[in-house]
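4 protein chains.
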Amino acid sequence: MFTGLNLKLATELLDAIRFFNQKGWSPATSTNYSVRSENKNEYIISRSGVDKSKFELSDLILINPKGEVLPPFNKPGIKSSAETEIHTALYEQFPDVNCVLHTHSVLGTVLSHTMVKEKQIVFEGFEILKGLDGNPTHELTEVLPIVPNSQDMKDILRDMKGRYDKNVHGFLIAGHGLYTWGKDIASAKRHIETYEFLFDCYHTMRRF
Amino acid sequence: MFTGLNLKLATELLDAIRFFNQKGWSPATSTNYSVRSENKNEYIISRSGVDKSKFELSDLILINPKGEVLPPFNKPGIKSSAETEIHTALYEQFPDVNCVLHTHSVLGTVLSHTMVKEKQIVFEGFEILKGLDGNPTHELTEVLPIVPNSQDMKDILRDMKGRYDKNVHGFLIAGHGLYTWGKDIASAKRHIETYEFLFDCYHTMRRF
Amino acid sequence: MFTGLNLKLATELLDAIRFFNQKGWSPATSTNYSVRSENKNEYIISRSGVDKSKFELSDLILINPKGEVLPPFNKPGIKSSAETEIHTALYEQFPDVNCVLHTHSVLGTVLSHTMVKEKQIVFEGFEILKGLDGNPTHELTEVLPIVPNSQDMKDILRDMKGRYDKNVHGFLIAGHGLYTWGKDIASAKRHIETYEFLFDCYHTMRRF
Amino acid sequence: MFTGLNLKLATELLDAIRFFNQKGWSPATSTNYSVRSENKNEYIISRSGVDKSKFELSDLILINPKGEVLPPFNKPGIKSSAETEIHTALYEQFPDVNCVLHTHSVLGTVLSHTMVKEKQIVFEGFEILKGLDGNPTHELTEVLPIVPNSQDMKDILRDMKGRYDKNVHGFLIAGHGLYTWGKDIASAKRHIETYEFLFDCYHTMRRF
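Protein chains in written order, with our numbering: chain X, 1356 to 1563; chain R, 1356 to 1563; chain E, 1356 to 1563; chain V, 1356 to 1563.
In case anyone wonders, no lab produced these hints; they're calculated from the structure.
Do not rely on the hints blindly, as some may be mistaken.
Said to hold, decoys possible - Derived list of chain X stretches under chain E, where covered just means 3 residues or more per stretch with a C-beta under 8 Å from a C-beta of chain E:
no., segment
1, 1449-1463
2, 1486-1496
3, 1547-1561
Claimed, not checked - Straight line, CA to CA, 27 Å or less: simulated BS3-like cross-link-like pairs of lysine-lysine:
no., chain 1, residue 1, chain 2, residue 2
4, X, 1378, V, 1378
5, X, 1378, V, 1434
6, X, 1421, R, 1485
7, R, 1363, X, 1472
8, X, 1434, R, 1363
9, E, 1409, X, 1363
10, V, 1434, R, 1378
11, V, 1363, R, 1434
12, X, 1485, E, 1472
13, V, 1363, E, 1485
14, E, 1538, X, 1363
15, E, 1538, V, 1485
16, R, 1409, V, 1363
17, X, 1378, R, 1430
18, E, 1378, R, 1378
19, R, 1538, X, 1434
20, X, 1509, X, 1395
21, X, 1378, E, 1472
22, X, 1485, E, 1538
23, X, 1409, R, 1516
24, E, 1363, X, 1485
25, V, 1538, R, 1430
26, R, 1421, V, 1485
27, E, 1378, V, 1409
28, R, 1378, R, 1395
29, X, 1409, R, 1434
30, R, 1430, X, 1509
Fair warning: this is a prediction, and the values are worked out from it, not measured in the lab.
Don't be surprised by glycine CBs; every beta carbon is placed ideally from N, CA and C.
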């Protein structure tokens, strides 16, 4: 009984949410995840405040481009995350994006916290870069922007303005974590895995 | 057949115990966990000496504010941990606290061991700080007290005296691990996850 | 219904693929795996582009020594990895090799990336070296060649030419990962575990 | 159908073996484990060469104090590990010991490899030391001997001679791993967990 939810999309999103939690990338009810529904102006999104190790299909809700919770999900106590605004802004900006994912790993947190003044991390020479859509080779330079953290999502969206180009597949919020997206859930999940792997490589190499 | 135990609370506490063990935060029969029962003067607590990877509902017992095991659990060989005194003291001090959790991770052990002379760890600027009850933003300073280890719980409680204020959500015992609490099991579990994540961030940043 | 696939071999290969994924050694659809079929000139191989956390028996296909997908697997959208050429070259070179495995771990990536100019890693004195076929003792010197990464497999095969001897059980591609092989799946899996363990030892010791 | 095997002991030993494998402490068919049977002169032991991620009850066999495989287990291809001699020597030396466990972790391997000249590791001040039988407090000095590795078990046993006292709960073989024991499986398993935790603390503190 998920009136208004595409069960195939919801189930695939739930699988990804559980996978990320297993990896330790969504501690303490942090993170949020969405997928564009078959109605292009509606998004299935994780509701706020849920322990991701206990996340269920019934914790997914439907919102519109303004971030408003749609019936029958608009019940007392059910709300979308404060960060919903980032999801809806990305869907508006990129018509071909159908999934937006946000993880909160130790390495994503620490790298973005310590490198926020450099405004970006640059990755080069790793085969795994081919995991990002459109990258045919490891012989390229991939830029991941970093923006300062803020409790006001408008600050974050303003700081990202003008920083998207065809090679940008995500961004880091300092001390907070990773946003990435893709043409479908599989593609966005692959981007999360690619970046978390790159964070680990980067961190491991600095210790060498 | 759990006469005297609230099955809903006991099951939720068991889930949290298994989650922490999966993370490696309760090695070698260490750690203990409790929840205030619906009778405010009785606490469900993990019994002493059990391998947490094999912990079962039947390993939960009921105690009173003096730490005495209540019928029908007061059988030969069944005892509450030596650290029960910390749990009962916290419940007495904080009427709104309904769950007390204690983990024993490598990072909690090492950070508290190496920093015991500084008497505290200070965390700032991490989004995950919002995981601690009452924190509306990451722009704050969170103090986690550290007290010396002792086999006499009265020493530990004395050293914590006067160090609780509204911003204190837990404390570390040097070389021993973390105590934290919350208004319910979900809240206290979120505090454990938040602190263990912060320990990992802190440790990772010192290696940078 | 796996016409053309030996179910016993396919199931054992699938088990190994899932084991490696559980360890985090196959992120973001990377890696590929094969086993020589009971027909010595046919190889069961993982098809390209599949999320290894969701890998199923039906994601295994049959190829010939030219790397061509055999019926009934030669359907639209089904292709073997670009790296198939490495597998077929190894089977051709070593008639006793019946399994070729390729993992893509953080440590394999970083070690090969940082040490590519040294052209090899040398391991000595570890008991685990006995995990490599034919090693009766830990008192030996094991050389693992490293070759530069390339999107053209012919480059990689050329760089490995003349570097195989009876003591070589695998090689690293810089920034890309490990190839190893064995007389059967169990033997090749043991080689993967041995090398990944050695990478971890090597890395841990450099931090000391 | 485990003629000659005490099913309760065998099952508990199997659980411990699987637990250690899950932790990554038994890669590449390494490690071995035993428990004294209800007949004090027979020991249930893991047979040699089995992938511990696939270990089954049927991979446990019965031996006598000479290390000979007893009927009905004495079949072609079934052999006890070369290290069986260490197990039988420990059972002979300590009549109260009923379980001997050997893990092969990265940290046990690296610490013993790098510290073999110091002949021991000393642990002090950690609460987890109470996990070792007979330790009533963390305020003590625990010595873990290290002996050089050898393919001849007699060398290892000779090097340990005179180094056992009431405070010794195990030893390390350089570049090879940990042996520990206990009055029962639960106690020996707790010792493994305690030492592996201490290795991690020790290693983490050296990086500080």
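Report task. Mind listing which of the numbered hints don't hold for this structure, in increasing order? Result -> Violated hints (numbers, rising): 1, 5, 7, 10, 13, 14, 15, 17, 21, 22, 23, 24, 28, 29, 30; every other hint is consistent with the structure.
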